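S.K.: Sequence:
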Amino acid sequence: MQIAGMISLSLQDYPGKLACVLFTPGCQLRCPFCHNSELALADLKGQMPDGTFIDSVDKAKVFDFLNKRKNVLEAVVISGGEPTLQPGLPDFLRQLRQFPYLLKMDTNGFNPKVLKELLDENLLDYVAMDLKNRPLNYALTAGIPSFQPQPILESMKLIQESGIDHEFRTTVVKELHSLEDLIGLKEWPIADSPLVLQTFRDGPTVMEKGFNPYTDEEMGAFLKELKGQIKNVSWRSENE
Numbered sequence: 001m002q003i004a005g006m007i008s009l010s011l012q013d014y015p016g017k018l019a020c021v022l023f024t025p026g027c028q029l030r031c032p033f034c035h036n037s038e039l040a041l042a043d044l045k046g047q048m049p050d051g052t053f054i055d056s057v058d059k060a061k062v063f064d065f066l067n068k069r070k071n072v073l074e075a076v077v078i079s080g081g082e083p084t085l086q087p088g089l090p091d092f093l094r095q096l097r098q099f100p101y102l103l104k105m106d107t108n109g110f111n112p113k114v115l116k117e118l119l120d121e122n123l124l125d126y127v128a129m130d131l132k133n134r135p136l137n138y139a140l141t142a143g144i145p146s147f148q149p150q151p152i153l154e155s156m157k158l159i160q161e162s163g164i165d166h167e168f169r170t171t172v173v174k175e176l177h178s179l180e181d182l183i184g185l186k187e188w189p190i191a192d193s194p195l196v197l198q199t200f201r202d203g204p205t206v207m208e209k210g211f212n213p214y215t216d217e218e219m220g221a222f223l224k225e226l227k228g229q230i231k232n233v234s235w236r237s238e239n240e
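The letter at position 86 of the sequence shown is residue 86 when you use this note's numbering, and the numbering goes up by one with no holes.
Some clues are possibly wrong.
As the list claims (entries may be wrong) - Cβ-Cβ distance ranges computed for the label pairs, FRET-style: (1) Val57 to Arg97: 13 to 23 Å; (2) Ser178 to Gln95: 40 to 50 Å; (3) Gly163 to Arg236: 34 to 44 Å; (4) Gly16 to Pro204: 43 to 53 Å; (5) Glu208 to Ser178: 29 to 39 Å; (6) Pro49 to Val72: 31 to 41 Å; (7) Pro204 to Arg236: 16 to 26 Å.
What the hints assert, rightly or not - With a straight-line cut-off of 20 Å between C-alpha atoms, the simulated SDA-like cross-links for lysine to any residue are: (8) Lys224 to Trp235; (9) Lys59 to Asp91; (10) Lys231 to Ile190.
Simulated from the structure, these hints should not be mistaken for lab results.
Small disclaimer: the values here were computed from a predicted structure and weren't measured.
Yeah, the Cβ is synthetic: ideal placement off N, Cα and C, and Gly gets one too.
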């Protein structure tokens, strides 16, 4: 289990909780708007294509930090990259269960087998799963040559049937998402699950240049349109 970074205190990553965020390297997607491009491009051990290694965080130091913050923090979030690619993830979560923290994982949903293992063992309290776009435009948005929806459908079903707290979320990028695309998200079996629209954030670590966010006014207009189409949709702005 490789940890490539840590945020010691976050008010945003676990809804309503003070959380620590741990980042894992490696991802099977190449979303061009990804703001953690270094993590996505690294392999599972943190090695970059040019042979260099990104910084790593020692697990013993993580556990020591969490032990000292038990009276302050409420949750630990595992993000990435894509955490389910890490072969040591289940054991790491079992170790985290020794602490009095709620555990959340961010995932792209492409690895339902691992997700099922984690849910069956009650190793998570919250799952945030990306829905990159409507099915028609998924490959383009995820930066992959082709797309089969079955892993996403399986992961959605696992999450929904588990009864765990969860959200599906879509990062909205002007060049990749039209209103028609956002309405097309209803083609996924979202049902009563929360769907959270997130405003794209540009920055120096974004995978590719040339992408832009919609304005708050435009996002508000999209939300108004979608509320008549998707039951439990909301918008998380850049500053939330």
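S.K.: Hints first: check each against the structure and report whether it holds.
M.R.: Evaluation of the provided hints:
The hinted range of 13 to 23 Å is satisfied by Val57 and Arg97, whose Cβ atoms lie roughly 19 Å apart. Remark: the range hint 40 to 50 Å for Ser178 to Gln95 is upheld by a beta-carbon distance near 44 Å. As the Cβ distance of Gly163 to Arg236 is approximately 23 Å, the hint placing it in 34 to 44 Å is violated. Taking 43 to 53 Å as the suggested C-beta distance range, the pair Gly16 and Pro204 does not conform, at roughly 30 Å.
Taking 29 to 39 Å as the suggested C-beta distance range, the pair Glu208 and Ser178 does not conform, at roughly 19 Å. Between Pro49 and Val72, the C-beta spacing of about 38 Å keeps the proposed range 31 to 41 Å intact. Here the CB-CB span from Pro204 to Arg236 is close to 22 Å, well matched to the stated 16 to 26 Å. Taking the CA atoms of Lys224 and Trp235, the gap is about 10 Å. The hint holds against a cut of 20 Å.
At most 20 Å may separate the alpha-carbon atoms for a hinted pair to count; Lys59 and Asp91 meet this at roughly 12 Å. Note on Lys231 and Ile190: the hinted pairing holds, with a Cα-Cα distance of about 9 Å set against a maximum of 20 Å.
The structure is inconsistent with the numbered hints 3, 4 and 5, although it conforms to all the rest.
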